[in-house]
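Undergrad: Add chains B and C to chain A, keeping to what the hints say.
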Amino acid sequence: MSSIAPTAGRRIGDVALTLISPRGAVFLLLALLLVAIAVLNPNFTEPGQFMRFIQRVAPIAIVAIGQYFVIVSGEFDLSMGSLITAQVVIAGNLIGQDDSRSVPVLLLMLGFGVLVGIANGLLTTLLKVPSFIVTLGMMLALRGGVLFWTGGAATGNPADGFRQIGRGGIQDVPVLDYIPYSVIILAVLIAAAVWFAKRPFGRSIIAVGDNAVTARYAGVRVWWVKTAAFIISSLSATVAGVLLVGYAGVHPSVGLGYEFTAITAVVLGGVVLGGGRGWVVAAVAGAFALEALFTLLNFADVPSTMRTSIQGAIIIAAVAYSAVTFGRRRRERAPQTSPGTGKEPDRIEPVSPASARPTPDGTHTSNGG
Amino acid sequence: MTAILSVSDVWKSFFGVPVLKGVSLELQAGSVHGLIGENGAGKSTLMKIVAGVYTKDSGTVRFDGREVDYTHPLQAMRAGVATVFQEFNLLPDRSVAENVFLGREPRKGGFVDNRGMARRTAELLAELGIDFIDPEARVSSLTVAEQQIVEITKALSFDARVISMDEPTAALADHEVELLYGIIRRLQQRGVAILYVSHRLKEIFDLCDTITVLKDGALISSTPASDLDAAELVRRMVGRSIEAFFPDPLPGTERGPVRLRVSGGGNDYIDGIDLQLHAGEIVGIAGLQGSGRTELAEAVFGAVPFSRGTMELDGAAVRIGSPRRAVRSGIALITEDRKAQGLALAQSVLDNALLVIRGVFPSRTRAARRRIPGVLSSLEVSFRGLDQEVQFLSGGNQQKVVLAKWLATDPRVVILDEPTRGIDVGAKVAVYTLMRELAAKGVAILMVSSELPEVIGMSDRIVVLHDGRISAELEPGSSEEAVLSAATGTGALGEVVQ
Amino acid sequence: MTATAAPARRRRIRLDSTVIVYLALIGVIIVGAILVATVGRNFFSLGNIRDILTGMSVLGFVAIGQTLVILVGSLDLSVPYVISLSSLMAATTMAGQPGNIAAGVLVALLVALVIGTINGLIVTGLKVNGFIATLGTGLIISGYLSTTYQGSTGSVPAQFQFIGATGIGPVPISTIIMLALATVVFLFLRKTRTGHHIYAVGGSLGVARLSGLRTATPIIVAHAICSVTAALAGLLLASRLGVGTPTVGSQGGYDLLSIAAVVLGGTLLAGGRGSIWGTIGGVAIFAVLDSVMSVLQVNPFLKDVVRGIVIVAAVAIYTGRVVLERRARFSTKEVRR
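Protein chains in written order, with our numbering: chain A, 1 to 369; chain B, 370 to 867; chain C, 868 to 1204.
Be careful, since some hints might not be right.
The calculated label-pair distances, taken between Cβ atoms and stated as ranges, are [as the list claims (entries may be wrong)]:
1) B:Arg753 / C:Val1051: 25 to 33 Å
2) A:Val188 / C:Val886: 49 to 57 Å
3) C:Thr1050 / B:Trp380: 54 to 62 Å
Think of the hints as simulated: they come from the structure by calculation, not from any bench. Just so it is clear, the structure is predicted and the values come from calculations on it, not from any experiment. Cβ coordinates follow ideal geometry from the N, Cα and C atoms, glycine included.
Excised from the complex, chain A in its bound form:
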């Protein structure tokens, strides 16, 4: 019957299997990239250098955490990039050179983020508009709104104290030498995300992404769970915006394309579009792998313009790898999924109004919007 405790030998085997499985492959990829960087540029292993690397990753990784929760709940958030832009501009305009405004404006920004998330969530769940469209509309509206407000020009420059969050750090730390604030924020957020993902509510998000009907019949408030995922996503974009103000300054192009970078990172982490599968740490690792890839290309003297091409190739390869691997595993296991009486196996698909969702292994070509 049920053997719950695996043996030690099997556990080691499992770890090895995990590393080549779609779920673990991102960690292997990240390790290889980091080693390659260290070989090309031994300085990279110095704590200070490494900290700066993490500092660079922080905004992408934070956005990836938010996008992870939305994707795993079965939706998309295309509005993240625009929201970052909006928050950056809000900070620039409202804080100005007055340090005392930092805290109230920060609270305002968080509130604004929550509002955007609620709007995305409710439009998706209550009006049943595909989230792809909802967040696309939000993307246009936010970017247009912000540019309208500022007249399209880069305006304002928040007080130095506020910018320190993104570019400052603690100097002269033993061993590590230098700890940027953004690294601390990232570490805290990763820990919070891991904790949250394991909490009952976090598990419910994944369950809703896997099968919303089952979740509803289990008493889960599907609309609220998905809306919460959108709120998390918008808050993470807000935090990323705060960090980006620090070292990128205020400009309407800050945040441009972050939604796709985040989706890339999340997918690289083996999270399946369509929902129900994926680990938040792997999504963060996806962000690290992406940035490590850029760093490596930098050190390898690949023209910076080629970075996007290589990014594109990697993302296709990663998803193809996981689709093909999952597909094979599914075919191998297929006979086991049939129940005993022959009442259900290989049921022929009925006329179904809900053919929109891609299957969990991503083999269906539909977009899940």
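TA: Chains B and C alone, transformed into the frame defined by chain A:
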């Protein structure tokens, strides 16, 4: 007359559990062959083997004198063996003609001849005596009966010489059944052989020339319809040893006070529901398909709530407007469609078992997490580990995971909708035993089932639905005939409950 | 399922989604004409109509291809980069020589055809979701563009610029070409097996497979056509600008805008239902909105806000309608899901 299709000594097992044990039958051109038996008798499996959906383990199937072994439904279709499944294979957003000729669109000068396709479809429909379906109409605008006619038309377009129909009347209204009869008689005149799977005795006697009875995967008889009467047919279908199968109530099980009371409950699908459920009681809900069985379960659970009437739980008035309200009030529903409504297939055994707790009672998660392994092992769930995805479990084990999910909430009322559908005998017994144990603890149980032996064998009381209303309330140990007559609402032995 | 199901089986008068799109378009035109009149301008002036039709053509080309891809159940996010690439290919091949026009057009279209076919093969062969596949190929092309071209390159001869600049009466040639292409694609969907199968595969992969369709073919063809129509948009932009530009596609935001236009045109984002004429209607709604806002001198950034709201509102109305329709067509069970 030689047989157009003959099946001889066909065997089929799933996971080593035999589902068909040496079944044989012969279909004559221009005749209707009834295939009848209880749920799990092997009718669907046999039909799917003929259709090329499953491959047989051994035995032979001969079509038109030649031995055949189809591996894809399309292959069978092309050869002239068509099947109309309960779940249609139609594209709702495409026209009737486009569906009929999907993959074989007629061309003229290299281009699809839409007009010719529509004309040809109209001709095929006319051959069936149908003039009210527009070949250009979208399938989604058709009724269920009309969609079924499209499926039959599609079969006809392949020049099918054998057409199998799986419970074709299950979703039809009375006047639509008449229409189907007409179509079947026309097909007969064309020399098509029809394999007609149904639970409804009346239809079988109305239509069939020959009747084959299956029980537990074995052939009981294959005889001309004229040699049989309804009573004899029921006798051949039923009569397995119920006692050995259904455990007795546990000692100490007591019928307690009224736990759930529904008065005058109704919504779009059911009406005038007056129901009392006592603590420690198992009430069986019987009725034909479409009688409102599942709708009643879903109304009590709040999935499709009552819009009329009142509901009381342990004497206090409650309004259950959503599954969440139901769960909070201590009501559990084990749904009919396990994969679509009961499980998150890509999640682990543990995640599924904790689904309700996490979603509704998050503060109890830690305690429930400790209990789950015990609950699973008491249900004898066979799995590799708590982290195994439920999609890789067998149907019986999946159902046990669903049960564990609800047991973790300590419900006061448990509703089971077709709790043993698609699971093996061992798992069935485990489900029955669990029901008895729950009753002994004072849980009130409502069991919806289409399997008469199950309803009769397990229930302390049987409530029979007909046309969305309660038509009878019967004592335990009532005969199948009594349940049937209440279910059909005719008072006469006419149909078998499905 | 007798008396209880009766309410569910009641027929409703159904409006074809394309009809609704055009009703919406008429509504937008009426409201727009009134608004334009309030500032003392004539919405129906030849100049204004020409502006609207011109505004339709580029997005129209892209949206026609995008319609096929969405119908088959995929997405194409690589179109902006295909647009830019084709404008550059054409402009550099032509290099100002009238004799090279045919060669330039051919090179641009061939390159696009190859890209689209690769997109389709990645989706069908490698089983990569269309969203990711085309995001990836889009990035690859984007990297190539910024590596190879520093800015606007090449030049198209005056004869080629003529296409983008002239018209018959108030109707620009480019719009006529676009509408001709829409007609061809309409006929392709209606009169070829592959066209029919695009709907089938997008509607239900399972039913398509059971009917013996080779499901990869329609997906690959849809992607290939989509890239080619994007290249046509690129050619038109090159003709208007006189040069090839590496950022012309991405600046226009044609990936998301074309998806929005298709969905605005009543095509289901999940695939299987929709029409080319609906898409043209969606493109027209965008063009009319733009024109009205321009006449009213609405801040250009505010235009995006209006667009965003219109997209979401329109789709909300469509989905609301679909739910009602479904109630009439499926058994009670289906309705509740």
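Undergrad: Tell me, which hint numbers fail for this structure?
TA: Violated hint (a single one): 1; every other hint is consistent with the structure.
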